[in-house]
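**Q** For reference, the chains in residue letters:
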Amino acid sequence: MTSVRSDSVETVFIVDDDEATRAGVSDLLESAGLRTQQYSSAEEFLEIWNPEIAGCLVLDVRLPGMSGMELQGHLAESGIALPLIIMTAHGDMPMVRKALKAGAVEFLIKPFQDAELLEAVEQAFALDRSRRRDGELLHSIQARAGTLTERERQVMGMVTAGLTNKEIAEKIFLSVVTVKLHRSQVMRKMQAESLADLVKMSEWFNKSRGSAGG
Amino acid sequence: MTASAVNRISQGMFEYALKPCAVALCFVVVALLWTFPLQHVIAYPFVFLFFGAVMGSAWFGGVIAGFIAVVLSSLLITYFFIPPLYSISVTKESQSFLAAFILSAIAISIVSSTRKRAENAVRSARDQLEVQVQVRTAELEESNLEIRESERQLRMLTEAIPQQIWRADLLGRIEYCNQHLRDYIGGSSGALSGEFFFTILHPEDEPIFRHRWESALTSGERFEVQARVRGADGIFRWFLVRSIPQRTESGRIARWYGIHIDIEEQHRTQQTLFRAQEDLSRSGRAISLAEMAASIAHELNQPLTALLTHASACRRWLQAEPANMQRASAAADRIVQETTRAAEVVRRVRSLFSKTDYVRLSTNINALIEEFAGLLRDEAIRRGVSLKLRLTEELPMLHIDPVQIQQVLLNLATNGMEAMTESDGPKILEISTATRRPNEVLISISDSGSGFPEHVDARMFEPFFTTKKEGTGMGLAICRSIIEAHDGQIWVERLDSNTIFCFVLKAGA
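Protein chains in written order, with this note's numbering: chain A, 1043 to 1256; chain B, 379 to 887.
Read the hints as simulated data drawn from the structure, not as lab findings. Don't take every hint at face value.
Each pair of labels, with its calculated beta carbon distance range [said to hold, decoys possible]:
id, chain 1, residue 1, chain 2, residue 2, range
1, B, Q867, A, K1143, 18 to 28 Å
2, B, V724, A, A1168, 49 to 59 Å
3, A, E1161, B, A758, 36 to 46 Å
4, A, E1052, B, P700, 17 to 27 Å
5, A, E1052, B, A701, 47 to 57 Å
6, B, Q704, A, E1052, 21 to 31 Å
7, A, G1177, B, P700, 53 to 63 Å
8, A, A1238, B, Q704, 50 to 60 Å
9, B, P700, A, G1199, 22 to 32 Å
10, A, E1158, B, V724, 30 to 40 Å
11, A, Q1184, B, P700, 41 to 51 Å
12, B, L873, A, E1161, 55 to 65 Å
Partner residues are not named here, just some residues of chain B that face chain A (Cβ under 10 Å, in silico) [what the hints assert, rightly or not]:
id, residue
13, A381
14, Y422
15, A496
16, N498
17, A499
18, N679
19, L685
20, L686
21, H688
22, Q697
23, R705
24, Q715
What the simulated footprint calls covered on chain A by chain B, stretch by stretch (three residues with Cβ under 8 Å from a Cβ of chain B suffice, anywhere in the stretch; the number is not a length) [said to hold, decoys possible]:
id, stretch
25, 1055–1064
26, 1116–1126
27, 1233–1244
Glycine is no exception: its CB is placed at the ideal position from the N, C-alpha and C atoms.
The following block holds chain B by itself, in its conformation from the complex (with noise of 0.2 Å):
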């Protein structure tokens, strides 16, 4: 036998027999005490008392102290106040009064440690809820604590992120501004509200920045543009400002969330280089190649002005009666000089022109596109032109030479939007990408302007040919000779007004 078998034994003996019998035995002796001095101020068999150490021993010891209570008390009063006095017999009239005793002692055993039990359930109930409302509490409060916390940090973080950013009922009202963006436009979050934000922007931008954010407004669309803003020290700097709309359960918009990224100096950047590049393309369109020619052409035309009047002088010495050997020879000579002096011209044209850089990057086109659409946006502005990107994703990666490629799409994007320069409809310059075949890509570049009378089809590629009063000629030319390096292949298509320039690229060249 274990200890705590023992030991368990032992509080079970105190629990279930010695303190019942404790208690009934104290609560009785105290009865029975204070019975013997009241009996003779009273005429009946007092034993109200002992009713009270029943239910008392109930009450404090339980069901079993309540019944030893009932024992005890019964043997006593039958001992000592029920005729025959001092003696546990009972006379035959005494019987039903110590019946009626009993019955009554046990039932107010019975009800006293019923009460009692059900007191102790309801305190101990009590007692749980006050527990269980002090941890609520105290979970709430940490939980309080810790919201709050997790909002200062929020707030803390969205004043100290170093981006500008706002927020918007949804009719597009200011609702609040970061610290930065308070500290950028040099006024309180209420000076950004209403008309404020559009007065601030570069008036070329202010247009476009409002309409957008208009359609916006009505779309629900995620809104992104990007615009010049005016800061405190009245310096315009490049934004891009992007927005996009939280909604509700239900789907409706809630409110909108901004934010102005300063892109200037990307913008410069990029600027510097569209510049450069529109330079170079210029020079390469317009002056180089006519210059280029008439230089070529000069230098070529010297050697073979030298080459043919010789040629004509050998002739005639040969021919002259006598005929002078000695100066057709020296003729002779200078023809071989001269034809190796136009055949070096020819080299250096040549060498001049040869691709020397061969460049095969994998590239994704639609990243391409997008990086040029951006070089474009300011030309298209600039002409009145809209640019639309139709670019369907997930196209394989082609293996090209990006900058050809960028050219190729310059040349296209800028005949496209030179056509349509007389144009008084819409002015839409679309650049689309499709899969064509499996490991094929196809681009095209759509323009709504007047478009090259059918006939010139065919010619419209090679070099020289021109439908512009200052073309060299040579854009669509260098763009088949990029694409077909890139065995690729170019050609125009037609639908309605718009005339499409197209070109594939395989995936695996």
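Isolated chain A, as found in the complex (with noise of 0.2 Å):
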């Protein structure tokens, strides 16, 4: 069983080619208390980039080489789930339709107020952590689902498919009393405490697998 990193402290990663909005931003979330980076283009942010980073991206659209939209394409690609802000100077409506459909948590026009920035860093940082808690809680399953037997996961399979301990002892050739005593080393093993909790563990893991295959 593995915890949050306690390394992984939350930052705004700030991506944009003018050094003074870029310290204004900063400037300004640092006042709010959070820990800030700054990156004069989407290359050098993607330098320091590893999965482990937690925070959100708070993005320009208009960048030196790889634009902001390039780079919220790349990100989605790879996989990397960081939330993004994104920022510009022209309220092009169909590039913010675009950025908020890639999954843009809020899509700024410069010059925004301090609270339009603030909301919108907290609602990503609250998306962050529920990504990364979902990503721990997954990745914990998947490690109690690992001590389990060969026959404790059949058990398993078909209790949460919702069969009886009768029709489980009947489809295996087992007792119902040997069924009985898989199925309580199956919800300690798992650390359910009720047969709903152990569905939904279940639930997780085949989509995780689901997922992870498709």
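Hints are included, so try docking the two chains, each in its own frame, into the full complex.
**A** See below:
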């Protein structure tokens, strides 16, 4: 069983080619007690990026080299789910729609009010946190599932599919008592408090396997 | 007494005394000498030879000689032939004979001298006539020569003049082409007649050329059109074709004279100029303005974003418990920096639009409009718009920036032509000039297009106002700022379905 990495401090990564804007955004976020890091281009950000980082990305649309929209596409393709806040000086509605559709948390038209940015960052952090919590949960479920024996995994699949102990015993040619024993073992190993809890874990597990397979 | 007077008297003596006396004496003596032998043959006193002498004297010596001959003859006849012979006295019976002789002789003398004078008069008249005829003939020959020479020179001139010249009859049939024209089109004079000329016109210019030429033939007005004419080498060149009718005294058109002036070079220059102008205006109207606006917005947005974020941060640093004075102060420093940067952007934009070149030239507005119409001609043809000028003559000279005023004309004319794009009726763009008050010239551009809705009249000249899909809304705003910089006024009027943009320029401005 693993836990949230203690060193993954939530950080706002600011990518803007204009130093003054970058500094301003950073100053504002720091005044709200947030940690920030600044990058002048998309390429510079990609250099330091690693899957462990937590927080969100505040990105300018108009960048030298890879544009903000291109970076967003690139991150999505790489399966990086870091929440994005996009800034632009152009109120280009098709671009706004496209960015939001591609998963941007918020779209800020420059110049923007401090509350707009802080709310967007807060929202992005919440999203990131739940994203990471989900990831950790999945991780631990996978770890617990790893401790099950073949027979126990078989019983768990049938239990979560809604079969009664008697039905399971008939299907795998075991006594009802043995099935009950396996079942209690599964509940203990998976740290499930109820059948409903186990069903939920099984769904998560199947989903992650399905998505990994697909 | 002067020598000339003496001379005149002596000449008179000879003319009226000596010569008649000598002539009369000669004739009478000859007659006398012939009469002596003859009187022995003829019984009667023979006096006929004396009549001959009188006649001869009067003929050759004049009336005075005649009378002298009469007197001499009478004396000699009396002395020699009338009894008593060899005496001056006359017998009574011979007196009537003598009297008859004298009277007859006088009559003969008068008749003869008169005849002589008449004949002399006739002869001298004939001589004079002959002289006159000769003089006249000489004069005629000379003037004939002059006419031939001037005709030759004229022909040489029309042949040698470096322009293409033709002459046509009243129906427009070509009668003559000069060498240059024949050389250019590569045909004989005959080849140019009839339809041939229309076949060497550029297909795009042919309809308008034909239309104008036919209407000139019917109206009898002078004809002028620019058209591309194909040369013998197959290459089209631009020509200004101009023709004027020659009228008889009764005002009927006798023939047409035409000239083709090669304007290829001018046209090319004009085209280049026009294209440059069009590019300029197009970029000025559509691309640059939009781009510039976006660029200015972006340039300003950056420092504004920084300003707003730093200012917000500054407030937050101050509101914190405890207040972070160091960070607040740093933020304030950045605010100052960014404000300076924003101000710099504004200053740059201002300097970009500020008018540094103030130009005012004394300009003939009609000439400017005519030049402008020349530039607009192709565009008008392309859009199927007929361009009309109605210019009032003798307008005061205006002190204006000709380029800027042409910019205004171009904006208004382009607006007008664009407004007529959808129009089904005749597309007419009319530019006219008039005096409004003394020293004020009114220029108006009228189109027969769909027009603006009336409620936008007031807003039309505002920046960024447009009814066009692709418009930037700067065209009329620029026009207004130019006209106002000239101390003039610009407004819009309506007449039936026509939209009329008017502006006034002051002559004294």
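**Q** Hints numbered earlier in the text: which of these fail when held up against the supplied structure?
**A** 1, 2, 3, 5, 7, 9, 10, 13, 14, 15, 16, 17, 26 and 27
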